[in-house]
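Novice: Hey, can you work out the whole structure from these sequences and the hints?
Protein chains in written order, with this note's numbering: chain Y, 5 to 338; chain W, 5 to 338; chain V, 7 to 408; chain R, 7 to 408.
Hints are computed from structural coordinates only; laboratory data are not their basis.
Be aware that one or more of the hints could be misleading.
[To be verified] Label-pair ranges, simulated between beta-carbon atoms: (1) Y:Ala35 x R:Ser250: 48 to 54 angstroms; (2) R:Gly60 x Y:Ala14: 35 to 41 angstroms; (3) R:Thr361 x W:Val262: 44 to 50 angstroms.
Glycine residues also receive a C-beta, built at the ideal position from the N, C-alpha and C atoms.
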Amino acid sequence: MDFELNESEAELARGVRRLCAGRYPLERVRAGEGGPRVVDRDGWRALGEAGAFSLCLAEEAGGVGLGLDEASLVFEELGRGLVPGPLVATHLAAGLVGGAQDGTVVVGLVARPPAGAGALPTVVEHLADLDTLLVLDEGGVAALDPASLQATPLGRPLDPLTPVWSLAHLPSGEPVAGPEVAAGWLRDGAVLTAALQVGLATWSTDRAVDYAKERTQFGRPIGGFQAVKHLCADMAVRAEVARCAVQAAAVTVDEPDVGDASVAAAGAKLVADQAAITNGRSAIQVHGGMGFTWEVPVHLAYKRARVLATQFGTEAALAEQVAASLVTPSGGGA
Amino acid sequence: MDFELNESEAELARGVRRLCAGRYPLERVRAGEGGPRVVDRDGWRALGEAGAFSLCLAEEAGGVGLGLDEASLVFEELGRGLVPGPLVATHLAAGLVGGAQDGTVVVGLVARPPAGAGALPTVVEHLADLDTLLVLDEGGVAALDPASLQATPLGRPLDPLTPVWSLAHLPSGEPVAGPEVAAGWLRDGAVLTAALQVGLATWSTDRAVDYAKERTQFGRPIGGFQAVKHLCADMAVRAEVARCAVQAAAVTVDEPDVGDASVAAAGAKLVADQAAITNGRSAIQVHGGMGFTWEVPVHLAYKRARVLATQFGTEAALAEQVAASLVTPSGGGA
Amino acid sequence: MDLRYSHAEEAFRADLRAWLEGALPGLPAKPSPNDWPGRRAYDTHWQRLLFEAGYAGVDWPVEGGGRGASAVEELIFKEELERAHAPYVGVNFVGLLHAGPTIIAEGTPEQRARFLPAILRGEEVWCQGFSEPGAGSDLASLRTRAVRDGDDYVVTGQKIWTSHAEVADYCELLVRTGPEDSRHKGISWLILPMDSPGVDIRPLTTIAGSTEFAELFLDEVRVPVTNRVGDENDGWRVTMVTLSFERGTAFVGDLLEAFELLTSTVDVARRTGAWDDPGVRRQAGHLKAGLDALWALTRRNVSQAARTGIPGPGGTLFKLAYSETRHELGEFSLGLLGRAGLAADDSGGPGGVGTLPARTVLEDFYRGVSLTIAAGTSQIQRNIVGERLLGLPKEPVAGRPR
Amino acid sequence: MDLRYSHAEEAFRADLRAWLEGALPGLPAKPSPNDWPGRRAYDTHWQRLLFEAGYAGVDWPVEGGGRGASAVEELIFKEELERAHAPYVGVNFVGLLHAGPTIIAEGTPEQRARFLPAILRGEEVWCQGFSEPGAGSDLASLRTRAVRDGDDYVVTGQKIWTSHAEVADYCELLVRTGPEDSRHKGISWLILPMDSPGVDIRPLTTIAGSTEFAELFLDEVRVPVTNRVGDENDGWRVTMVTLSFERGTAFVGDLLEAFELLTSTVDVARRTGAWDDPGVRRQAGHLKAGLDALWALTRRNVSQAARTGIPGPGGTLFKLAYSETRHELGEFSLGLLGRAGLAADDSGGPGGVGTLPARTVLEDFYRGVSLTIAAGTSQIQRNIVGERLLGLPKEPVAGRPR
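Specialist: Structure follows, in structure tokens:
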């Protein structure tokens, strides 16, 4: 057992971090705020060329042939770069939707909400950027043409870099994969979304720590006051615990003999969602009044974290899924 | 509206505080630790003479004829004095069980747990001290002779000043009051128990603040460090918010036109239970290693708070009761 | 302890309620959130109506032109306005709650005559120039300088978090008139006409997307010495005096809004079926109990203020506890909205679950964030409780006097 | 990243598991919790068995007489012992985990030969004399004085939180040999024979009712200079060296116990029907996910230690996160037990809901309290993370050098 990044894993993460720094500097990311389109097609193709979408696709199918382990490292960096767009959906679609794997098309994904009188409306992210919208339910995956949909743009989105639309009706679409693929996507999507959350949680920590060192009040840096210092320390703890949980879940998907991958994925997302949200909130708090301004970017990570927490399993569903493992013989213990 | 103590209320509280200081100094209270009997009969009679059990009993019946308002102030002081014994039960029994009102008998109370395969056992506090045990259920109140019960003393009680017994069988007893009295007792018992919790929460705050001023580490009093100072500040906030909630509930019982007394009682106990438990825990934390010793008394308030939280409504039941008020026309708003 | 209102108090409530029933239906349509000229017109019109009905400055002393009502009546006033969904004090906030009371207490007779009636009638709007980018929690470190030049001060510096600056006529401005390191002891309180040359306003957007606040850049702005309230270098005390007007009612409207949000969230939960989940119900029960407790604390604070005329420490306790409860309420509401909370626009509407309070929930959610920051972060509030109320030692301050 | 164990690691596990299956059934009955002579006999017997099977000092270097196992094998060792419910290290804790490793690293050849084999064989028991009533979080302020007198130190002072002092043969003792205000720089590390004249032991009861710890009163106790480990006044560094033996496995047993407690709590919930409540299930799900995440962090810490041989900051991060999860687990378990949690004795038994783990739940609950205090309060741990890991400024210290 060696649960540390090996050299090629570390190099992969560094490479993506460099790519994000070059292609997705914060000013460029922020230029899309509030608009209906946030995906920069050149940047998307650059991510495709770097393998961000094809990492887990078999080499025979034109992919890189690596595991979710490596993909989770890549997605952590994408989260840390605040890269907008349907990253996880396009990654999952690689091999199924032509062009997804090399970043020449942009693929979105929505889980079909249960029907009925009490059903919440269908809300879709990034619709104007999408070439294909996939719909996931227990029966499998279906494809829809985004242009064919009757969609209403929703004003004042929670995350200014995640535009959203509501759909009065979600057609059934063209079936493209069966229930097993759907189940695998739910699991892998949870891990990759959780990896984005770890990136956000880390980014928020870094911003808070930088500000705490630089900002002075009462004649000294605010990071010297325990109230601020301890907020930062708790942020660091949360990010690191979540990172370990997500990476362990990713490795478990790749090495299914070491544990129950679905439970690990759900648990990791539960922990990572909370880390990203709480750290986002704490980063705003450490920034005080400046954190409440639109200009200072810390609110973006908080808002993104809230959006990601609604994808691939909400808190209630994930916690139920993990709890269920406590009452089956395989689930107890570490 | 004047939601502040008037002069006679303030004097009542001061009087009970003096009585506790004289009759129940901490050394004397602690002398009973771990034994099967903790009620000091002389002290109990002194409480009775001071009106602690007969405050709410009508003057015609030999009581003081005041309201739950005043009783809640008295019970807050008894909580603050860590006075052990079935105080609330004896108060409720005044007028129904002879001698309860003047403190010449000691009356206990237990709620009859629901029967069935999944039922938790019946646990009774203070059995060896009791002259009468009352049993409360939806149908009313029944009286039992404690000496007639098959009871097993339970070792290592959570609170060393609240000895407990388990009963294999709880007989039906002699009916002494009907369902309306039982419902009123549940409400009033919740308020008075919550008042004890406010006293404990306040006592814990005072102990923590005193220690934080006196104990030095790294060359200065630990109360000067924000980590400790903020723990103390949060304790003070919790105690004061709970105090207001409990006193408002008590006044609402006395002036039923100002709100729904049962909901106010349940909500106040919910808030006060949490305040007493969290402040107890925080007081231990502020005391550091010393707080983990038996000798330093802060653990007693924490343990007592945990015991009281199981009486007159658990967290789950109280929260459900308050929630129910949100879906009836009378319940919304302040 | 008495929670019943007296006959006089009930009569005040009944009169007010009757007046509101008559006055509210005639109001024009509400302007859109970031239309500040529109909002100024709307809010000042409402203030004029209040003035004509005798409800302007309900909590101001009679000698300042107000109604001189007790803290309890003030509580009733705020409660009834909130329950009737009357307009919020809006752009008149600073004039009615900060600048006006300060001028009443510390202004010259000329200043009172000149400024107070216009505030009460909704004719003039004020903004606040206290905070600076470098002086947030540590207000005494402010650096905007005022240099005496003949009968004027020449003011240069930068302010932030100035609400409604775009539509304000005057600004209550704190400036440094003493030496750079004079901290609390070298501050003066000035009345700045917003149309003075050298005043530059740049809107500041909050994380909620609101442009309610602005940054103020002051470049050699001349302010007559006669516009100073209180003595030179005595501005810190003047500012503190204003705070003593608080009667424990600062958050009444806010708290009642929180009750409403809880009610509408429970309504959503009942429509989606989430209410069948005991865990959800328990959370709602905890929140209701928490808000009820805060309502009790409000009545305690108001009663103390009514008796003594000065605010106790209850306001700080309230804000700390309320921030936490409001945060939990925000999490609860947002959680129940799920993906319908991804935008302020309502994605619901007819069919399915029906209309959803997404806008309210999101606004409330940002409100929860601002509560732990604005007017002293929760960290600073805990220092205040720890040091002033509990008597715990202050922190050593490196390098500077305090 | 690889979570699979190597063939060698799996072989180590299989051998150990086989040995445990043979050895455990032959153990005598466990003595009662506060019977210290009985517990010494039991624990040292177990240590002797481990020694004979080649599992004594599994994590000690070979040159110290240990097995020299990797951090991963150490993890497996602790995991298997916990899973098999083997005896805990017990009274051998200080010898095996603190004093022994210190003597290996810093002792003289004579000290090693004299003390190490007896620890490994379970012949001699050690206790720790570090904490003092006045020096808790601030260990460098310790005041127990050692004055050189010929070939002896004469030691006077008071220690607290000395575990198993009643049955210990030796004490690893920190004393001040430098001037009173020398802080870290005037401390020495001594081996104190517990039967020395002037050593007075007074049992200390914890809030859990355990007498595991004692206070140590030292009145002019003579300790030979040859019993000093490391140089005079260099004891602080010597102490820090010991910490570098930690391989991220300190809480493995504890964490596995937490998993077990969660499982038995869920079992209670299923029997009482509480498991039908989705809110209860969600809480359990959160706890399981939290413990799984901590298990992942443990594997990360162990892997780092296995690669580098030195502990990273992961141990501090672990303790902070674990304290919180364990606290929540305690609340959850106690809440589900309800009134059956009012005593450690089981009030259940046959009929009704059946036997209940009250003792375990209460012990665990106290364990949760001690976790946030012992070996550095959570407050101190957050300082360490903030200052050492994140590079935030230290607090100004009033009046004293640091």
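Novice: Does each hint fit the structure? Answer for all of them.
Specialist: Going through the hints against the structure:
| no. | hint | in the structure |
| --- | --- | --- |
| 1 | Y:Ala35 x R:Ser250: 48 to 54 angstroms | 49 angstroms, holds |
| 2 | R:Gly60 x Y:Ala14: 35 to 41 angstroms | 37 angstroms, holds |
| 3 | R:Thr361 x W:Val262: 44 to 50 angstroms | 48 angstroms, holds |
Every hint, counting from the list given before, is met by this structure.
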